[in-house]
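Colleague: Numbered as in the working numbering, the sequence shown ends at 88 without a single skipped number.
Hints may contain errors.
[Stated by the list, open to error] Quick list of simulated restraints, FRET-style, between CB atoms: (1) LEU87 to GLU29: 14 to 24 Å; (2) ASP74 to ARG44: 17 to 27 Å; (3) LYS85 to TRP22: 13 to 23 Å; (4) GLY6 to GLU63: 38 to 48 Å; (5) ASP50 to PHE72: 22 to 32 Å; (6) SER84 to GLY6: 11 to 21 Å; (7) GLU63 to GLU8: 10 to 20 Å.
To be clear, the hints were calculated from the coordinates, so they are not data collected in a lab.
Glycine residues also receive a C-beta, built at the ideal position from the N, C-alpha and C atoms.
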Amino acid sequence: VASGFEIAQLRIAQPDEGSWVSLAVDESGQLVIGREDKGFLRMSVSSDGKSIAKIQPIDAELLECRGLAFHDGWLYASANNSKALF
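Let the sequences and hints guide you as you build the complete structure.
Modeller: What follows is the structure in structure tokens.
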């Protein structure tokens, strides 16, 4: 680990969440995780940064979003099995 950084496990995928294949951080600091099957999970990190405070599933028909990026308030997703950029 580089100087000044530390690694901590905040949460592991639950059996009903499938595999997590991508991650992006929105402008408010919430995490958005792309799932291998379909949909996303939005997670709020606790104020101390050591746990997940809230999880919100985001239903979407996009399959296998392996690339996520936020820009100007928009979430861009490269959906492998949906074969497109959204």
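Colleague: Look at each hint and say if it fits the structure.
Modeller: Hint by hint, here is what the structure shows:
{"no.": "1", "hint": "LEU87 to GLU29: 14 to 24 Å", "verdict": "holds (20 Å)"}
{"no.": "2", "hint": "ASP74 to ARG44: 17 to 27 Å", "verdict": "holds (18 Å)"}
{"no.": "3", "hint": "LYS85 to TRP22: 13 to 23 Å", "verdict": "holds (21 Å)"}
{"no.": "4", "hint": "GLY6 to GLU63: 38 to 48 Å", "verdict": "holds (41 Å)"}
{"no.": "5", "hint": "ASP50 to PHE72: 22 to 32 Å", "verdict": "holds (24 Å)"}
{"no.": "6", "hint": "SER84 to GLY6: 11 to 21 Å", "verdict": "violated (39 Å)"}
{"no.": "7", "hint": "GLU63 to GLU8: 10 to 20 Å", "verdict": "violated (38 Å)"}
Comparing the model with each earlier hint shows violations of hints 6, 7; every other hint is respected.
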